[in-house]
Amino acid sequence: MNQQYNRPMTRSPQRRKQSMDTTTRALVIIFVVLGVILAIVCGRFVFNLLKGWSGNNNSNLPVVSSNLSGNNAAVAAPGVPLQSGKGPAATSWDGKSRINILLLALDVSPRRQSEGQGSPLSDTMILVTVDPATRTVGAMSIRRDLWVAIPGFDYNKINTAYKLGEDYGIEGGGAQLAMDTVEGLFGVPVDFYARVDFQAFETIINEIGGVTITLTQPMMLDWMGNGNKFTIEPGTYVMPGDYTLAYARTRDAAYGDGDFARGSRQMEVIKAIRDRVLNLNTLPTLIARAPAIYGQISSGVQTNMSLDQAIQLAYLMAQVPSENMHTFNMDDTVTYATFNIDGSYILQIIPDQMRLMRDEMFSGAGSVVVDAPAVVVPQDNGVVVAEGNPLDLAVQESARIQILNGSNTAGLADRTQSYLTSNGLTDISIGNYDTTDSTQIIVHTPVTNTLTYLAAVFGVPNARVFNQADPSNSFDVTVILGEDWAANNQIP
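In our numbering, the protein residues as written are -14 to 477.
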């Protein structure tokens, strides 16, 4: 292992890396965030959850008092949210109704703080739904570059919602704005949140004695993104907190498709945490040290769930059969990559596919049948369009379209308007623009079906589709006609 800093890490004999199935991933997500984090607040929570999973009734496990304290510590008392200062209001839960929980991991790296970047971004967002009636659990990892409407603000990447809520003093803080944003995206209520920052994550890893990770190829990582890079050679290691965090956070495309591979590594790390905590040799020590650990991480771990609700959830989770736990990942079947007007990389959702994934997650019983769903496929020009009849989808969207003539051909905007109107797109205005060689599309509101149809008609690739979010704009989408359209178009 080549590195700039000499940090201890134990190497274990190399062994074959095992893959994680969907069920294990769901178990891991629930246990670590609503187990490890909340368990450190109350040892009884870990004890009960362990009994439910292992089937063992180990009466020798110690139980600590829930009256814990620490700097900025939350009050562990019935009915009181386990959070300090401002945060989303407490939510009632009868233990019988479905609940949805947003899990947040925050980027509070020293680099961000030293550069004065304000409140942290949410580095990881996972939406979890638990249905007591059917004993089912679903968990969806939300891509942080997703371009969404943030209530009270402009369109932005979804990971900025927490930061905006904190920076602008929104009631309920960043967690509330993140919850509201996810609600708007999926059309479902978000009842609770649980968040942890990087420093608290490192502390948890160190307190459990590190986690076992196996590498099959050399990997160069970066301490908190500050340029202090180091290389880990193939092998099996017991990683301390700082190594584990660097491993989980890297998304260098050289090591496997950026954010997608990053998500897989995070699942691997979470599984390793679960395995470590569920080890009966580790658990008694962890529980005995719960008050001290909580004092160290209390300011970095927050939730609007109360202690009694957390325990109630733990009992429920113990009764959920493994086959009823499912995870979902926002891959390129539900999103596509593009750039906003500033040239920043973003991900746009494919509405029909996103709705199908959401419905499947909340059905708890496999895929949901939808009448004639649109199948979205990539075309040769790199634009995602609907298979079947994309024009019908665009017409149903009733988007307000602006056509601006940026060519030297007089009347081109008027002719283009007539052509589109004859095809059923009726809300179209025209005007002029500075001369430009290439046609481009600017999106002001999320009218994805109209965008995909227009991009196909005008032959505009993703590189010339820009997002200039403005809900107050008189138009949903603007098309600037270039010389390429003047020279080669399909207008009769």
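The hints are simulated quantities; they were obtained by calculation from the structure and are not laboratory data.
Even glycine gets a Cβ: it sits at the ideal position worked out from N, Cα and C.
Hints should not be assumed to be uniformly reliable.
[To be verified] Here are the computed distance ranges between Cβ atoms for each label pair:
#1 T394 x A448: 22 to 28 Å
#2 P446 x N191: 35 to 41 Å
#3 D152 x P219: 41 to 47 Å
#4 D419 x T197: 58 to 64 Å
#5 I476 x Y153: 46 to 52 Å
#6 D399 x K214: 28 to 34 Å
#7 N374 x E156: 34 to 40 Å
#8 N473 x T201: 57 to 63 Å
#9 G80 x G328: 46 to 52 Å
#10 D412 x Q202: 49 to 55 Å
#11 S457 x N417: 21 to 27 Å
#12 Y153 x G396: 43 to 49 Å
#13 E156 x S459: 39 to 45 Å
Verification of the hints:
1. T394 x A448: 22 to 28 Å: 24 Å, holds
2. P446 x N191: 35 to 41 Å: 48 Å, violated
3. D152 x P219: 41 to 47 Å: 42 Å, holds
4. D419 x T197: 58 to 64 Å: 60 Å, holds
5. I476 x Y153: 46 to 52 Å: Taking Cβ atoms as reference, I476 and Y153 lie about 47 Å apart, which means the hint holds.
6. D399 x K214: 28 to 34 Å: Since D399 and K214 have Cβ atoms about 57 Å apart, the given range 28 to 34 Å is violated.
7. N374 x E156: 34 to 40 Å: Because 45 Å falls outside the window, the suggested range is violated.
8. N473 x T201: 57 to 63 Å: Between N473 and T201, where Cβ atoms are some 49 Å apart, the hint is violated.
9. G80 x G328: 46 to 52 Å: Because 49 Å falls inside the window, the suggested range holds.
10. D412 x Q202: 49 to 55 Å: 53 Å, holds
11. S457 x N417: 21 to 27 Å: 23 Å, holds
12. Y153 x G396: 43 to 49 Å: 47 Å, holds
13. E156 x S459: 39 to 45 Å: 31 Å, violated
Hint compliance for this structure: hints 2, 6, 7, 8 and 13 are not met, and every other hint is.
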